[in-house]
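*Asks:* One letter stands for each residue in the lines below.
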Amino acid sequence: MRAIPLKSLASLTLAALLLSGCGQGLLGDGDDAATEEGPIVLGMLIPQSGSEAAIGPYMSNAAQLAVDEINAKGGVLGRTLQLKTADDACDPQSASAAANKLVTEGVHVSVGGYCSGATLPTLPIFGRANIPMIIPAANSQELVDQKLKHVFLINGTGSQQAEAAQKWIAKQGAKSVALMHDNTSYSKDIAVRAQGLLGDQVVITEAVTPKESDYSANITNVLAKKPDFIYWTGYFQEGGLIARQLRQSGYEGALMVADGAVSPKLAEIAGNEAAEGVYATMTQTPDTLQGAENWIASYKKKYNADPGPYSNQSYDAVRLAAEAITKAGGTDGAKVIAALEAVDGFAMFSGPLKFTPEHTLANGGFQILVVKDGAFTLQDPLR
Amino acid sequence: MTQLVWNGLFVGSFYALVALGYSMVYGIIKLLNFAHGDLYMLGAFTGFAVLGAAGGVPSSLSLPLLLGVLLATMAITGLAGVALERVAYRPLRRAPRLSLLITAVGASFALEYGMRAVAGADPRVYPVRLGGTPLEILGARLTPQQLVLIAVAVVFMIGLNLLVTRTREGRAMRAIALDPRTSALMGIDVNAVISRTFFLGSALAGAAGVMAGAYYGKIDFLMGFLIGLKAFTAAVIGGIGNIPGTMLGGLLLGLLESFGTFWLGGEWRDVFAFGVLILFLTVRPTGLLGERVTERV
Numbered sequence: 001m002r003a004i005p006l007k008s009l010a011s012l013t014l015a016a017l018l019l020s021g022c023g024q025g026l027l028g029d030g031d032d033a034a035t036e037e038g039p040i041v042l043g044m045l046i047p048q049s050g051s052e053a054a055i056g057p058y059m060s061n062a063a064q065l066a067v068d069e070i071n072a073k074g075g076v077l078g079r080t081l082q083l084k085t086a087d088d089a090c091d092p093q094s095a096s097a098a099a100n101k102l103v104t105e106g107v108h109v110s111v112g113g114y115c116s117g118a119t120l121p122t123l124p125i126f127g128r129a130n131i132p133m134i135i136p137a138a139n140s141q142e143l144v145d146q147k148l149k150h151v152f153l154i155n156g157t158g159s160q161q162a163e164a165a166q167k168w169i170a171k172q173g174a175k176s177v178a179l180m181h182d183n184t185s186y187s188k189d190i191a192v193r194a195q196g197l198l199g200d201q202v203v204i205t206e207a208v209t210p211k212e213s214d215y216s217a218n219i220t221n222v223l224a225k226k227p228d229f230i231y232w233t234g235y236f237q238e239g240g241l242i243a244r245q246l247r248q249s250g251y252e253g254a255l256m257v258a259d260g261a262v263s264p265k266l267a268e269i270a271g272n273e274a275a276e277g278v279y280a281t282m283t284q285t286p287d288t289l290q291g292a293e294n295w296i297a298s299y300k301k302k303y304n305a306d307p308g309p310y311s312n313q314s315y316d317a318v319r320l321a322a323e324a325i326t327k328a329g330g331t332d333g334a335k336v337i338a339a340l341e342a343v344d345g346f347a348m349f350s351g352p353l354k355f356t357p358e359h360t361l362a363n364g365g366f367q368i369l370v371v372k373d374g375a376f377t378l379q380d381p382l383r
Numbered sequence: 001m002t003q004l005v006w007n008g009l010f011v012g013s014f015y016a017l018v019a020l021g022y023s024m025v026y027g028i029i030k031l032l033n034f035a036h037g038d039l040y041m042l043g044a045f046t047g048f049a050v051l052g053a054a055g056g057v058p059s060s061l062s063l064p065l066l067l068g069v070l071l072a073t074m075a076i077t078g079l080a081g082v083a084l085e086r087v088a089y090r091p092l093r094r095a096p097r098l099s100l101l102i103t104a105v106g107a108s109f110a111l112e113y114g115m116r117a118v119a120g121a122d123p124r125v126y127p128v129r130l131g132g133t134p135l136e137i138l139g140a141r142l143t144p145q146q147l148v149l150i151a152v153a154v155v156f157m158i159g160l161n162l163l164v165t166r167t168r169e170g171r172a173m174r175a176i177a178l179d180p181r182t183s184a185l186m187g188i189d190v191n192a193v194i195s196r197t198f199f200l201g202s203a204l205a206g207a208a209g210v211m212a213g214a215y216y217g218k219i220d221f222l223m224g225f226l227i228g229l230k231a232f233t234a235a236v237i238g239g240i241g242n243i244p245g246t247m248l249g250g251l252l253l254g255l256l257e258s259f260g261t262f263w264l265g266g267e268w269r270d271v272f273a274f275g276v277l278i279l280f281l282t283v284r285p286t287g288l289l290g291e292r293v294t295e296r297v
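Heads up: the sequence lines are chains A and B, in that order. Taken in order, the first sequence gives residues 1 to 383; the numbers are from full-length UniProt numbering. Taken in order, the second sequence gives residues 1 to 297; the numbers are from full-length UniProt numbering.
Treat the hints as calculated values from the structure; they're not laboratory data. Careful, some of the hints might be misleading.
Stated by the list, open to error - Looking from chain B toward chain A, a few residues come up when the C-beta cut is under 10 Å (computed): (1) Ala110; (2) Tyr113; (3) Glu257.
To be verified - Label pairs and their computed distance ranges (CB to CB): (4) Pro244/B with Gln172/A: 50 to 56 Å; (5) Lys84/A with Asp270/B: 34 to 40 Å; (6) Val118/B with Gln93/A: 22 to 28 Å.
We treat Cβ as the ideally placed atom computed from N, Cα and C, and that holds for glycine.
Extracted from the complex, chain A is given alone in its bound form (with noise of 0.2 Å):
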């Protein structure tokens, strides 16, 4: 009796392998595609399901957004731009197989790349197309430690968060620090990396289960080292409801989240109380761009929907990806990336751009964001 069932899971796990596998037999069409006729396509993987199908829509309209405006002024080399979308869901099966499809639509530079634990098993499959990545959200370390020639971060790595968060740690005097993860590649990341920096203040690193509803075990076991300062790194909807979770069992003392939790949903699930005077590490989001007024305002106009977290990364890949193909004088990979190593000084959200040897920004840019009545604004930039 037992046994069919199990047999039943075997033969369910069997036929998606399967399904897979059939995706990885459509590779190596791509490069057929790349011609230099026609328009140029930028790829972009997002997530538009799954837990954080929030955030898609925040970047897929930003990169529209610049597209439609490259395209009002010309295109790029006398061509068109294209953009299109594949949904990852955040699940590396997921993005792999819609990396895949990009691939064999002939998609010339990807511009897309928000869950680092979705976007690394894509890496290979654009490496071996030749296409080059500008990855404009996702930052965990582990997607430029294979030193791979043609993936650039455009978002702020995940050490480099962690320094954030350490020195604003520093800064409020915390004694006794907490860290949580949800043990996610980004995640984890920059968790291991804070730990690193702050040494014996961490009394305990705490990871907790994604996608349930109940943290109260983890709660209790992180509140029982009595920590002054607790740093959330994983996304916003456990990020909401640990910060109410928290409030609820005592804890009194600070709470810090990463990037992947600021979004409006937080202080929501959290309830505005709970969130109150919850910090988050974050580079420039619209709201704390100096400067931007314009761009919200034809965000606005064409969206009638304010932007959101990553929005403005999106917009500058596409940009950067433009700017790149006009330098390289085609869409061919090798020269792309050339053109990409060469950038120096282009104007994005963030400041000039330049490339480190690793391919990531010189100054990750973030600052620290405060929940004022439910929405993060500028706490500090740690400048």
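Fit chain B to the known structure of chain A by using the hints.
*Replies:* Showing chain B alone in chain A's frame:
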């Protein structure tokens, strides 16, 4: 220590409520209803919609209002469960077990992504929240609202157990679990009883969904997946098909998770909880109270 026990019991009572539906359906038609967790999600969203329709209510009334919403939601999710059985499972009742299982997986995806199409992928937040000031009881912090939720869960479980063991309806369910064909020959309307079983199980899952929504606040279209798996596990530990066993199984799983987190840390919690379960099932494959293999509901 009492805090750990309390945390475990609280989470466990949610597992138990959801697990009951699994257990009842499996008991009667030997179907692992993988869409059951999604009925929990459906309940949470139905409650959200009903609350939205009820409009702004002063917070002093939030508890009675929530109870009303709870009952309305149970009726709606119960009917959804009946419809699910009618559309997806009844036509396949004589088909091989595998086809039924795949249908259940399909129904689960259909519910999840159907809800995403209707309500969007963004998580929603309940307009009425059960916050409450925590009390210290025996060294554990708990809120009166948590006590109310557990009380509601216990009332449902006891009520269900009475219904199954003491009423004509329950006798019919147990008869069908033993032998559907003979039951039909004895004049029991098998289809109607199975429909009502689905109604009850789904209504309980819906109730758990509303309670989770009101307590934790956040709901999303994938929220049923993980708890569905956990509830299934709880049902197996308790002895699938056995109602008191299933309740115990839910509470035990909650406690295992709570103590696993405490002893080994968050990243080892599931390894610990499920490791214990594997050990337990090798010693006692029928589950905690699963000895009455011949009579299941």
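*Asks:* Could you run down the list of hints and mark each one as holding or not?
*Replies:* Going through the hints against the structure:
no.: 1; hint: Ala110; verdict: violated (14 Å)
no.: 2; hint: Tyr113; verdict: holds (8 Å)
no.: 3; hint: Glu257; verdict: holds (6 Å)
no.: 4; hint: Pro244/B with Gln172/A: 50 to 56 Å; verdict: holds (52 Å)
no.: 5; hint: Lys84/A with Asp270/B: 34 to 40 Å; verdict: holds (38 Å)
no.: 6; hint: Val118/B with Gln93/A: 22 to 28 Å; verdict: holds (25 Å)
The structure is inconsistent with hint 1 alone, although it conforms to all the rest.
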